[in-house]
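These two chains come separately, so use the hints to put the complex back together.
Residue numbers (the working numbering), protein chains in the order written: chain P, 1 to 555; chain R, 1 to 250.
None of these hints come from the bench; they were simulated from the model. Hints may be right or wrong, so weigh each one.
[What the hints assert, rightly or not] Partial list, computed: chain P residues near chain R (C-beta under 8 angstroms):
hint	residue
1	R311
2	V312
3	S392
4	G398
5	A399
6	G539
7	V543
8	A551
[Stated by the list, open to error] Label pairs and their calculated CB-CB ranges:
hint	chain 1	residue 1	chain 2	residue 2	range
9	R	R52	P	P520	46 to 54 angstroms
10	P	E308	R	G182	25 to 33 angstroms
11	R	G182	P	A531	49 to 57 angstroms
12	R	D81	P	A501	53 to 61 angstroms
13	R	S134	P	E308	32 to 40 angstroms
14	P	E287	R	K111	45 to 53 angstroms
15	R	Q211	P	F324	46 to 54 angstroms
Where a beta carbon is used, it is the ideal one built from N, C-alpha and C, also for glycine.
As a plain string of letters, each chain reads:
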Amino acid sequence: MLPLVARRLRCLKNRVAGLKRWEWVRNAAFLSLGFWMLFGLYRAFFRLLTFLNAIELIGPLLVWKLTAMAMLTTFGMVIMSSLIISLTTLFYASDLRFLMRAPVRMRDVFADKSLEAAFFSSWMIGLALFPFVIALARVRGLGWSFHAGFLFLLAPCLLLAAIVGMAFTLALMRAFPSARTRDAVWALSSLSTALLYGLLRFSQPERLVRPDMLRRVAEYLNYLQAPTAPFAPSWWMTRGLSACAVGDWAGFAAQAALLWGSAAAAFAILILAADRTYALAYSGAQESPRGSRPTDLPPMPEIRLLGERGRVLGALLWKERKTFFRDIKHWSQIMLVGSIVFVYLFSISRLPLDTPELKSLVCFLNIGTTGFVLCSLGLRFTFPSVSLEGRSWWVLRGAPVDVGGIMTQKLAFSLAPTLVIATALVAATNHILDADPFVARLTLVTIWLTACALCGMGVGLGAFFPKFSVENIHQIESSAGGFVYMACALGYIALVMGIEAIPMQMHFQQILGRAGAWVPWAAWASAAGVAALNAAAFGIPWVLGLRNLEAYEGD
Amino acid sequence: MIELERLGKRFGSLVAVEDLSLTVSRGEIFAFLGPNGAGKTTTVKLITGLLRPTSGTARVDGFDVVTHTLDAKRRLGLVPDEPFVYPKLTGAEFLRFVGDLYGVPYETQRKRVPELLEMFELLDRGGELVESYSHGMRQKLVLASVLLHEPKALLLDEPMVGLDPKSARLAKDIFKTLASRGCAIFMCTHILEIAEKIADRIGIMLGGRLQAVGTLAELRGRSTSSGGHLEDIFLQLTGAGEYAALLKNL
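So here's chain R without its partners, still in its complex pose (with noise of 0.2 angstroms):
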């Protein structure tokens, strides 16, 4: 569903991805890791055509970005690292405002748009302007909003920053829900936890290259860290000796 092909990305003189080769297929969940400034935030915005490669292709469900990005958008859902929504909008108006961009029926939205609003605990406070939301809130909205157009592929951005537990959990299960239904779940997380339970897959970034891709067995296979944590893993990959370093400066 997700393809990306030597996929690559500069600033200038500095390298945000590069040469990246992936694939996401329908029903996976694929857990991006990598440290802050990694390059994960700039390859899913480089799948949703926020920004565009310098070079390689990424694709989504065939359609490349560049070249047929109403397409790909078409087929894709967003949930940013940080939630910006319109503040002088309601939460139901947001949906609705989604939906028609999305070209959700209307009858469809008038069903689902109190549904998801109830799902996300949201359906008293959505009447309100979104500027009256806190960031948990709003999360939530972003959330209801890619669910409104059932895209066939979800590109999240820590989506779990700032929920609530139940709702974390809530978010966890509707993209194990999500996934069994053949969507294609692409998420970035700095929460390993959530990665070793829900993804099928796991790749981790460092310095803008792919340093490990495969299940959490095949990366436990390939370390040789002592603990088998996702956790161990990850440092080991990005920088385990520096840890240890860090802490004498605490």
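Next up, chain P with everything else stripped away, as it sits in the complex (with noise of 0.2 angstroms):
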């Protein structure tokens, strides 16, 4: 095992000599950036956690009943992403071949490869859990014990969210050596994963945290003490913070026991149980389904609907979506935006909204919240459009195809279930709440310029940061590129809903009576920065990812 990490800190030791000075500078910009994000959740965090410990009797409770929850998400936020990394990281990654053939035992390979799937699975999520303890202890008034008490029971409980998913991994490789089967079975643990996720939704837990839906005062004050999911690991670190807050530790010193007990037995029975099954299951996940379809050309509607002009990218679009769907890790993916998309109806439906003009509001409002799912699905399948291309890279760049063409066919197949998911999230919105006809015209144009300057942002900027020879799509989601897209396209919907609030202030005052509420020089410079504003959120990208591209000679 001990080589193992030495070539680990080895390669990290090599990668930071090797920096030169212009990455120091890019990767200080990226941590600057990313440390800025950081800030506005925190201030955001900051703000709802000082209202809710304002409330008077209940503060305290509620502020530790949104702490049980954020970490029940969290916890169940990294065994959704072990489930998907694991799968390429312990059976796909490509210096497996290598270890495999090395004399190192089995259980130390796989030691070193899930240790590797459980950092990459909860970094980023753990990271995100920081701007909120912060600003818990700052309203709570907790000082640096309770941040040193929280970086202990972290890790442990980060890990035990890996290993879930890891396991269910391993167990289903192992179960299922045959690739059909098991690529069966995936599916349909995704489809229940996506099925589970729509029935809680549909539940109504919202009933809960109401205190008018509930009969008694006494029943909400239950809800509130209850421990939220107590079997979870989450709850015991819920737990061991709310000890540590009130200097309680022995309390923090059992949940701690707990916590890394827990993690450190369910880590060794992992190991041992790696021990008898991941060989079996790293030869069967080798193999290939080898289902034989015709060997007979296959036709290609992309073609025949761009006709013979359209070929190369009638061509390109066919080949993006054959490779597209037969990659089963998709699918989960897919899924869950489908339930996302449900989910979200069903909430809208559900807001206790009493009148029109809060409807309108919220109809407006709505912009934002649906640009930030198609800022998530945009990171997750458009940013990565180009990178995916992988190591065949060399066979579109060696054909006589420029690279405006494949960036225009990436764009192209984003772009429509991209329209579709934002016309359903808008329109479907401004029905449920009967949007007055003003702010439902403006929003659907909105959304739809939204779509298509997210989808450009995403390939080109995808252009911009390309990474051929990573082995599974999180590693180009959670790269300085992937980070860079988020940030600008935030950015972006933040800057939209800032310019259109204008005429939609103009609007407001116009239903609620005032004289010559509309300002025309106003809502003219309101819509040519936002067309300006989406050329730019389009075109800047678009640009320095082609040059990007055309001078790429990386990999």
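Structure follows, in structure tokens:
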């Protein structure tokens, strides 16, 4: 095991030592950008927690309930992330071929790769927890010992979540060595997760956090005091934190012992299980579905649609469609996207809104939340699309196809589903909330422009930060480029909302009866501002990406 | 067909290719030899436009690969040293895809794809995903794909790696036939026997510079080594003295 750890340290040392001056500057820029994003999160959490804490009698209960929910959400997200990352890291990583041939014990190889999978599936989600905990400490007036306690409890909690994902993946690969069955089980598991998510939402848990929906105050207090998923390590962590907050060191030690003990025991059991199963599971993973398709030349509907002049674009789109939908790892994401759309619309339909003005206002704010959903989908699907050409990039680069054509195909492939989802979320929300015609038209046109701009930005920045040699899509998403995309996309959404707030304000003033509410030049300036912003959001990343990819010499 | 004029490529302070000038004519098989890191693959990437030269020019059929990239690429076929092919396409689908990228008419594809799959003994596996192929099968598939669009110049970077003896023999015969039809073939290889047998001219690179170029007879004439084999000439030009020292470490 020691040589494996040493190689990682040596690789890290070499990577740091090999950084050029401009790379240091670039990394410093990304770090400061990341810091400001985390600071923004901190400010938001601080305001929320301050508000909750100030509520008479039940303020502290609400704060700790929210903490428990944040921990549970983090725990669940790490499990989901681990499910996907462990599949590639434990079974398809490029260095596994070398490690499997080397005279290294199987359990050591597994331990090495599982720690890697645990790290990559949890670091970013864990990092997002820091602003919450720092805000919590400030609101509750807690000192450094609380922060130290959090750090001490965080590692085993994240490790336990990652172990759940890895154990499921290992069991799946061992139980279903046949590639076809494994794919089917993976798809069914994804479908079950999506359904479970939908069912949880449709059970309307918000009724519990709204006191007016409960018959007695006592019920509400009971709910706030009751454990949130008592058997989940996230609850142990919450209890540990609350013990730490009141200086109950015995209680903190008990929870810490529970977390560290469980993490150590679970990891040991996983390693022991891997000792018996990993070799077989790895061997099964190397098999590919052998089912044969016809060798006749496949029809390409895309070419038929685009005609002979669009033949190259049609062929590229056809290739993208085939390779995308045949990759089982994308299915779980697609199913989750479907469930997110339904849950989103269900949540909108349950919003307690009374007046038509309020409903229209929510329809306008819906641009922001739909925009956020589109940003997230862009990070998962659009931004990585160039990098997902992977080691086959030479096929396109060596062919008589210009880089602009390749990027256009990536844009077209992303744009169609993005527009459908954007339209579904906004049009359905407008319909459910019965938005007035002005707001309905404004939001629909805005979200179409936003979908186009975000797709262009995703492809452009994906081409500006290509990573053709990565092993799993999460390495693309969590790269510096992914970070820049997300920061730019969220900033763009905020600017769109800010500019469109001007006509919205005039519109509401008119509804409320103020004469001369509409100032034509302000309305036109706002429209021009949105148009210019969209052109810049699409055009600048596109041109930067195009130039970079044309000159690209890596991999 | 392939003209390199004072071609150079630097990666920071590292000189990968320097002042390389040579021509590969129609119907000629040119073997490009050299030890690892000599600059062979970099040269291939420069000709295909995968890398941009820092000096000099590379032209294919008169088209500069930097200024007329697409025209040059239309005339080129590339077999890289590692045959990475989309794992989620079948062999037949990959050929169809390449055919469309290079503008091969559909009717030609319908006729040629099964022929090429059969030629490389892939017909019964042509409907399977490439991810289930061995390295050699992928190499054969890439070879089939370049034959589909009938390039005027063929760039081969270690084309025999992973091929079984029958396929290697087939590949050699294909290269000779293509050359006889006027295709210019630029082949990087470490297998000196192949260069000796099928190449019309041979170039030997070392440290990014072309050390020698000519027919086998010309190289023999210039060599001072006792044996007349290409291996002796190669070792003499690329460090035969060191070779003896290396064995001491065994």
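Looking at the structure, which of the earlier hints fail to hold? Hint check: 6, 7 and 14 fail, others pass.
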